[in-house]
Amino acid sequence: MTDNDLGQRRLSEAQRQGRSPLIPQQSIAAKIFHWLNIISLLLMITSGLQIYNANPVFGGRNGIPFPPIFLLGGWLAGGRHWHFAAMWLFALNLLWYGVYILMTRRWRHRFVSGKDIKALQRTQNQKRRNYAWHRITYTAIIPILLLAIFTGMGMYKPAQFHSIVDCFGSWQALRIVHFATVPLVVIYAAIHSWLSLKVGGSRLVESMFW
Amino acid sequence: MHQLPSRRRFLELSGFSSLSLLLGGCALSLVEGVVGKTFEPLNQSVETLLFNPQKLIPEFPESEIEPEALIVNTYRFTPVIDPLTFRLIIDGEVDNPLSLSLAEIQQLPHHTMTIRHVCVEGWAAIVQWGGVRMRDLVSLAQPKSDVRYAYFESADGYYESWDLASAVHPQTLLANQKNGEALPIENGAPLRLASPIKLGYKQSKWVTRITLVNQLRRSQGYWEDQGYEWYAGL
Chain B
117 MTDNDLGQRR
127 LSEAQRQGRS
137 PLIPQQSIAA
147 KIFHWLNIIS
157 LLLMITSGLQ
167 IYNANPVFGG
177 RNGIPFPPIF
187 LLGGWLAGGR
197 HWHFAAMWLF
207 ALNLLWYGVY
217 ILMTRRWRHR
227 FVSGKDIKAL
237 QRTQNQKRRN
247 YAWHRITYTA
257 IIPILLLAIF
267 TGMGMYKPAQ
277 FHSIVDCFGS
287 WQALRIVHFA
297 TVPLVVIYAA
307 IHSWLSLKVG
317 GSRLVESMFW
Chain S
59 MHQLPSRRRF
69 LELSGFSSLS
79 LLLGGCALSL
89 VEGVVGKTFE
99 PLNQSVETLL
109 FNPQKLIPEF
119 PESEIEPEAL
129 IVNTYRFTPV
139 IDPLTFRLII
149 DGEVDNPLSL
159 SLAEIQQLPH
169 HTMTIRHVCV
179 EGWAAIVQWG
189 GVRMRDLVSL
199 AQPKSDVRYA
209 YFESADGYYE
219 SWDLASAVHP
229 QTLLANQKNG
239 EALPIENGAP
249 LRLASPIKLG
259 YKQSKWVTRI
269 TLVNQLRRSQ
279 GYWEDQGYEW
289 YAGL
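Residue numbers (our numbering), protein chains in the order written: chain B, 117 to 326; chain S, 59 to 292.
Hints may be right or wrong, so weigh each one.
[Claimed, not checked] In the PhoX-like style, the derived pairs of lysine-lysine whose C-alpha atoms are separated by at most 25 Å in a straight line are:
1. B:Lys-314 - B:Lys-243
2. S:Lys-113 - B:Lys-273
3. B:Lys-147 - B:Lys-234
4. B:Lys-147 - B:Lys-273
5. B:Lys-231 - B:Lys-314
6. B:Lys-273 - S:Lys-95
Everything labelled a hint here was simulated from the structure, so no lab data went into it. Every value quoted in this text rests on a predicted model; they were computed, and no experiment measured them.
Whenever a hint applies, use it, and build me the whole structure from the sequences.
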């Protein structure tokens with residue numbers, strides 16, 4: 117049975133029972149990616165803040181540290197162990213997701229397109245506008261996640277990947293950009309959750325998890 | 059409909075994993091050690107794979123030296139060393155054990171390099187170091203063919219171990235100069251390690267003894283013995 121047949125059957129069942137026929141469905145692969153992405157990002161951010169606290173990007177030794185509730189690893193070495201372990205989960209998860217959307221050709225309709233931009237410029241239909249904004253936000257997170265990996269490689273192996281450090285100008289600039297991916301991801305998560313609720317309600321949100 | 063059981067199973071699994079994340083709070087310090095021990099071999103083999111012992115790391119022009127950026131991290135105390143009676147011992151699995159005075163060391167070819175010194179804490183500084191190559195000292199001592207590691211002992215009790223390939227990299231120096239001047243005592247005078255390929259904690263100050271060995275001992279370095287990674291390659 118194909119996904120499409122299954123969808124048809126559910127749709128007719130729903131119609132018989134008098135429920136709304138629009139049950140959002142996500143592929144199991146998308147759900148697994150979503151889960152692993154959330155877990156690995158939590159590990160990366162909390163262990164990253166632990167490393168950050170050893171010498172804050174802003175202000176050095178006298179900078180303001182993050183409180184322990186946000187930290188993972190207990191001390192600098194523990195934070196580094198977690199960070200360099202979770203980076204495999206984080207990066208490989210993103211890699212297989214990239215392969216997956218290429219292989220299934222989802223890249224052609226999953227992400228933001230000219231239609232969404234046009235919709236934002238022309239339509240007054242609020243639902244269509246929310247939908248376009250939502251597609252823009254979850255497309256924008258992909259380059260941010262890739263930037264986190266790119267800057268991270270430059271900091272992890274500056275001798276081998278010195279050109280990465282060079283293209284940000286200085287070590288401090290590289291650290292700032294790498295750190296900036298943290299607030300970007302946190303802000304993204306908030307906007308993404310809010311827009312998902314607006315676009316598809318709790319059923320859309322739940323469909324991404326279960 | 060045939061997907062339902064696997065989805066329910068997935069739900070259970072994800073529930074367990076988030077529960078264990080919550081409960082794990084108190085056991086995290088234990089887990090942290092396990093995580094380190096599990097992934098360090100993988101990370102180390104990737105680092106070794108990336109490392110080319112012959113390849114020079116690009117250097118910086120002198121105008122980019124950041125004299126203020128190099129923070130002094132001292133672990134116990136600053137030892138007082140008399141340069142006139144100082145001796146550098148090179149021993150272990152070698153055919154020609156050495157005990158060198160500073161004057162003898164200064165007769166070896168002098169090299170300078172302007173490199174980025176990267177600290178495990180996250181900061182970095184561009185520094186110019188001058189001194190003798192570790193590879194010159196090692197070849198004087200004539201190590202036996204099975205030597206794979208170098209142990210460094212410092213006058214303050216600090217100790218470190220390196221893989222031999224990194225120790226004899228052309229940009230691993232036993233430095234006696236910093237930014238064109240005599241090495242200050244707080245930076246490790248008379249002799250300290252300086253290298254663009256290892257994190258700062260590998261770069262022992264006040265080095266007094268180098269022992270070449272064919273296997274790692276149980277203690278691998280002051281910070282490593284407390285949980286830091288050993289390879290620490292950049």
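Would the pair Lys-314 (chain B) and Lys-243 (chain B) pass a check requiring their Cα atoms to be no farther apart than 25 Å? holds, 8 Å
Quickly compare the C-alpha distance for Lys-273 (chain B) and Lys-95 (chain S) to 25 Å and report which way the hint goes. holds, 20 Å
Given the hint that Lys-113 (chain S) pairs with Lys-273 (chain B), does the C-alpha gap stay at or below 25 Å? holds, 14 Å
Holds or violated: Lys-147 (chain B) to Lys-273 (chain B), with C-alpha atoms at most 25 Å apart: Not OK: Lys-147 (chain B) and Lys-273 (chain B) at ~32 Å, beyond 25 Å, violated.
CA of Lys-231 (chain B) to CA of Lys-314 (chain B), is that 25 Å or under? Cα-Cα ~20 Å, so holds.
Keeping to a limit of 25 Å between CA atoms, is the pair of Lys-147 (chain B) and Lys-234 (chain B) held or broken? violated, 29 Å
In summary, the numbered hints that this structure violates are 3 and 4.
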